[in-house]
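> So the chains spell out like this:
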Amino acid sequence: MSDAPDTAARPADEASLVAALNSTWFGANLPPDTQVRLGRLARRYQAPAGTVLLAEGELANELGVVVSGRVSLRTLVPEQGMITILTVEPGDIFGQSAVVPPYRATSSCVALQPVDVIALDGPGLRAALASDCELAAALYPRVLQALARRLSATRLQMLDLFASRQGGKW
Amino acid sequence: MVATSTTIGFLPRADLQGLIDLLRQDGRTLLGPTVADGAIVYDEIEGVADLPAGWGSEQSPGRFRLQERGGERLFDYAVPPTTWKRFVFPPEMPLSVATRNEDGTLTLGPAKREIPKLAFLGVRACELAALGIEDRVFLAGPYTDEDFRARRNASIVVAVQCAEPASTCFCTSMGTGPGIRSGHDISLIELDEGFLVTAGSPVGSAIMEQLPLGTPTADHLSAASDQLVAAREKIGDPVEARGLHDRLLAKLDSPRWAEVAERCTACGNCTQSCPTCFCTTTVYQSDLDGVATSTERLWESCFNEGFGKVAGGNFRYRFQDRYRQWLTHKFATWFDQFGTSGCVGCGRCITWCPVGIDVREELNAIAPPSGAVLTLPEIKPVPPPRPGIFTIASKREETPDTTTLVLTKPGGMDWEDVRGEFVMVSLPGIGSVPISVSQRTPEGMVLTIRNAGPATTAITSLDAGAQLAVSGPMGVDWEGPLELAHGKDIVVVAGGLGLPPVRPVIDTVMNDRDKFGAFRLYYGARTPSDLLYKEELAAWSARGDMEVAVTVDRADATWLGRVGIVTYLFDQASWDGSKVIAFLCGPERMIQASCNVLQAHGVTPDRIFISMERHMQCGIGLCGHCQMGKFFVCKDGPVFSLAQLGDTFGREGI
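Quick mapping for you: the protein sequence lines, in order, are chains P and F.
No gaps in the numbering here: position 139 of the first sequence is 286 in the working numbering, and each next residue is one more.
No gaps in the numbering here: position 612 of the second sequence is 689 in the working numbering, and each next residue is one more.
Warning: the hint list may mix true and false statements.
To be verified - Now the stretches of chain F that chain P is said to cover, found in silico as 3 or more residues with beta-carbon under 8 Å: (1) 598-609; (2) 633-641; (3) 644-654; (4) 662-670.
What the hints assert, rightly or not - In silico contact screen, one side only, chain P against chain F (beta carbon under 8 Å); selected entries: (5) 230; (6) 231; (7) 250; (8) 274.
Simulated from the structure, these hints should not be mistaken for lab results.
The structure presented is a predicted model; accordingly, all values stated were derived computationally and were not measured.
All residues carry an ideal CB built from backbone N, CA and C; glycine is no exception.
Produce the entire structure from the sequences given, and follow the hints as far as they go.
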């Protein structure tokens, strides 16, 4: 996300960051100490539609929480171009590779609309998760929930339920 | 057939021809047992000489052999492969004839059918019970088979009590025999010297009065009694009949289904030899130039591969699913549908199974039955919907494989009196398909059709001005759930081609917006180009008094909308499910996921309504294709509440 701060970064006010984080599904109702600690790792930025927030294969230096707007997760398919495999709506996260080794993005994250994002610093977040049990206990279930929701959705997408079964057994 | 006389007469053997002559008078055809093709079959009988004197049968699982017994006795065989079903419910029956006129218009007419005057000689107690079951299937309604009724009414039934049951018989367990109780016009008990004769109806009494009957002696009566006791003892009671309904349905997950499927070849012999199986299919035969097409009804089997097939897949692609469907229908869900067991214990399915699967053994292994006959409510028969000729007024291509047709008919449609969710659309010579009515118009209706096979492809390729035959609407529509939804919040979840069937819900709420609370539509499709009703979606979204959320499974970079499954649209929503009535239609797996999310939001199963997809052919619950557990989807649905469906919903192979 190295280019993102240049597009629309602005100084983060810790209290407003905590409030914004609290307004999202991912960041709501965390223990106060955890909120404060995350606030110190967070910055907030806006980016116009079309901005590549994170490119596939890049080091994921930040975990993003969408406050408003829509982010697409895309992957390059030969002869088909960039295929959107999922869109991330307000409250949900992208760039979770920032906390999962080898910390490299598994898809490209592109703003489909002007977006407002809270970004948590990857190395700082990893250090906090390794050293702060309370923060880890509060945050990991949410990361896991986000991933599990994505996994079950991916399964249904793979089933291609809407496809015509003309070639099936008859 | 009410018994009118308990008088028993004795007919000397030499006078049986007299009874045959009486049965054959007025040109009536007499059908009875005769030896042919290495078996005993039911065929035309002109005299006593045609009957199988001295012949019996040796039967066991997968085996039937004629057995020369000697002697004069005529009826000492156990049930043959033929059933009386074929004479009251013919294996092939013409239904209608369609003609394409020179100007392109269609003319529909009924097929020519004659109802023959028949008499059946040699009907066993189990077979009388089978005819009684068929009466319930075809005449219990609301739709009835009037051809069957006419054939039944035109037939005289002469029963002959069974004295030599086969090793495959189990009428005793099913409570149908071997003693004759009811359903006959005349009953005979064969003794060495002659026959004991009893009338079971006024028709039977009238015939009996013309016979040279003597008075049976005490020896006659005691010989008859001994014969019956011996038959009963020979059969025993091989299947525990009490509680079979509940016990079978509790064993839908038994490993035995897969085990029996290893032997079952899905040949359908059991259904073809069964005296009560009633599933049919419809075929269309046209002359080479396509001008005249006749529609015929043929016997069908739930073991056939295409039986459970719909555009989205085959609901019973495994043999174990088909065997379970057949067995649980016969012995369990038949009770729910027709108030009685579907089995009479004749044992034909055992004898004629080429691999010798013994239904008694399977029942005892999986679970055991109840001989109880439940009382069904009295019904007033409803005439089946008659096809009408509709003209394609206009067509719109929704996606590369889906087309919306606007149909009209002269005089229009009076939707005030018409209920129903779907219509059967027929193109003579090509086929007939069920299509949900997506919009009701004063002139006709609007149908959105995906090219899922030859018939739908042919129908959607027609141009404006072409004519189609349309039967219906039929089935349970959304009206009940919509009434329940007055004052409540509405959630509509549609996937893929599931949007057209829920369109009437959207239109109803839109037209009477004040009657309903918050209105949310969640729609998922495969790709952006697969989205239906794009203009309407934009217009609904712009109204401001409803929430429209759309997602697709995959998209290229030009799509700026949502990508993800349909449940993503509402699984994290903050609305209160306690006031929601939900309407769903789409692929079953998607609906399951949506139901789970809805229930997590507090929407209870009695407030979740689903339009189910099954293979529909006749549309009136008589052909059997769309059976799902105790329901016929075409007649009892297609709209069901999740509570109604219970654990049938989402179960594999149901």
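> If a hint holds in the structure, say so; if it does not, say that too.
Hints and how they fare:
For the region 598-609 of chain F, the proposed coverage by chain P is satisfied: 4 residues have a C-beta within less than 8 Å of a C-beta in that chain, meeting the threshold of three. For the region 633-641 of chain F, the proposed coverage by chain P is satisfied: 8 residues have a C-beta within less than 8 Å of a C-beta in that chain, meeting the threshold of three. Under the rule that three or more residues need a Cβ within less than 8 Å of chain P, the assignment of the region 644-654 of chain F holds, with 4 such residues. Counting residues of the region 662-670 of chain F whose CB falls under 8 Å from any CB of chain P gives 5; the rule of at least 3 is met.
Evaluation of the residue 230 of chain P hint against chain F yields a held restraint, the C-beta minimum of about 6 Å falling below 8 Å. Interface restraint check: residue 231 of chain P against chain F, minimum CB-CB distance 4 Å, threshold 8 Å, status holds. Hint status for residue 250 of chain P relative to chain F: violated, with the closest Cβ pair at about 25 Å, above 8 Å. The interface hint given for residue 274 of chain P is broken, as the beta carbon of that residue sits about 30 Å from the closest beta carbon of chain F, more than 8 Å.
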